[in-house]
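Enquirer: Given only the sequences and the hints, what does the whole structure look like? Please build it.
Those protein sequence lines, which keep their order, are chains G and W.
Here the working numbering is used: the first residue of the first sequence is 32, the next is one more, and so on.
Here the working numbering is used: the first residue of the second sequence is 99, the next is one more, and so on.
Derived from the structure by calculation, the hints contain no laboratory data.
Only a predicted model underlies this, so the values are computations on that prediction, with no experimental measurement involved.
All the pointers check out, no bait thrown in.
Here are some, though not all, of the chain W residues that point toward chain G, as calculated from beta-carbon distances under 8 Å: (1) GLU137; (2) TYR140; (3) ASP141; (4) ILE142; (5) VAL143; (6) ALA144; (7) PHE145; (8) GLU146; (9) LYS199; (10) ARG202; (11) VAL203; (12) ASP206.
Far from chain G by the CB rule (all over 12 Å, computed), these chain W residues: (13) GLY227; (14) PRO245; (15) CYS271.
Using N, Cα and C, we set each Cβ at its ideal position, and we do this for glycine too.
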Amino acid sequence: MQRRQITLEDGRYLIFYTFEEAAASASPDTDGDDAAGAAESNGGHAEPDAEPQATEEKRV
Amino acid sequence: MGEWVATATHRQTRTFLPPADFCPLCPTKPGGFPTEIPEPIYDIVAFENRFPSLQPAPPAPAVEATQLYPVRPGLGVCEVLVYTPHHDSTLAREPVEQIHKLIRVWTDRFRALSEHEFVEYVFIFENKGEAIGVTLHHPHGQIYAYPFIPPRVARELEQSRAHKDETNRCLLCDILAGEQKDGRRVVAANDSFVAYVPFFARYPYEVHIASARHLQALTDMNGAEQRDLAAILKTILVAYDKLFDLSFPYMMVLHQRPTDGGDYDHYHFHIEFYPPLRTATKLKYLAGSESGAGMFINDTLAEEKAAELRAHVQPVAWQTPRAGEPGEPGKSGKSGESGEPSESGEPGGKGGGR
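Expert: The structure is reproduced here in structure tokens:
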């Protein structure tokens with residue numbers, strides 16, 4: 032999951048969330064599904080999703 | 099009366115049922131009118147509500163407090179979550195993968211909003227359908243981050259605490275065990291969640307979805323649970339739409355632990371649906387008893403309504419199977435697979451209190 036935050040003209044924030052599922056399923060540290068896989072070797076208690084990758088920019 | 103009411107007079111001018119060409123939640127089109135969302139490429143968008151009931155930097159109250167009437171600034175955060183760029187969709191019509199994405203966004207927003215010092219409760223919800231009073235049709239939900247624990251959740255917390263003190267067990271864990279054993283009110287279940295019409299349903303087609311594991315919040319879930327939650331949400335949403343062959347209106351609310359730093363181990367994560375329809379054409383109104391006394395009158399039996407919904411439960415087909423598994427249509431949406439629920443609800447017309 033990727034998160035990109037912008038600031039609107041009136042000062043409010045807006046966050047775009049995008050997902051690259053194919054990449055996620057190949058990257059065991061970035062997605063909940065992979066956390067599920069980790070659970071199988073961890074007594075069924077996987078770690079929740081990793082923190083999203085975040086960027087921030089100003090919109091003018 | 100011991101409860102806060104937000105006055106937000108600027109909301110009177112908010113956008114009301116605009117034509118599809120002027121939907122403020124659609125992505126801005128090249129050369130088109132500027133919407134709330136200035137770019138077209140995204141899966142889900144979260145933004146601060148243009149017409150918030152609560153704000154991180156609220157103005158001073160418009161009236162002065164008195165000893166009888168305390169007032170305080172409308173501190174908090176109100177966010178809008180746009181589920182998809184597609185205006186004509188609904189959460190029910192979205193693929194289960196999109197619901198899975200939404201759950202991960204919910205989790206991220208819960209985590210982020212709970213970090214505000216002033217936020218004591220993060221409330222995620224969706225109002226769907228004109229029968230509920232929605233002003234925009236584009237599929238979306240909302241989040242209110244309150245500076246206090248709202249009264250309905252506070253009541254649940256009290257009851258959960260009382261049950262824990264009395265039995266040393268979780269109230270909802272006990273309810274789930276009872277529902278699964280009985281089966282008549284169960285609508286669907288998978289490895290991680292159970293969906294059921296509660297014994298104490300206030301709306302005819304009220305459904306609760308509770309985690310099988312004793313969790314307090316979205317942030318406690320593992321990846322498998324996130325997927326299973328997406329699957330059972332899809333199952334219930336589709337069953338709702340098929341029930342009367344229409345896009346079913348509802349309020350959907352997530353009940354999680356407060357974020358004020360307290361100990362809420364006795365609480366149990368769940369989602370509640372309150373649909374306003376009691377038939378295809380008739381609404382359940384919140385009339386005198388419900389609004390004035392707080393006591394709901396339900397004209398139906400939970401067992402019968404659960405059986406109606408169960409008849410519309412269908413397998414959920416993932417396009418993206420879990421790593422190491424083949425496609426698993428039918429994995430979720432099973433109707434009480436371990437111990438098929440009985441179809442024999444009690445006959446109608448009975449009264450009583452629950």
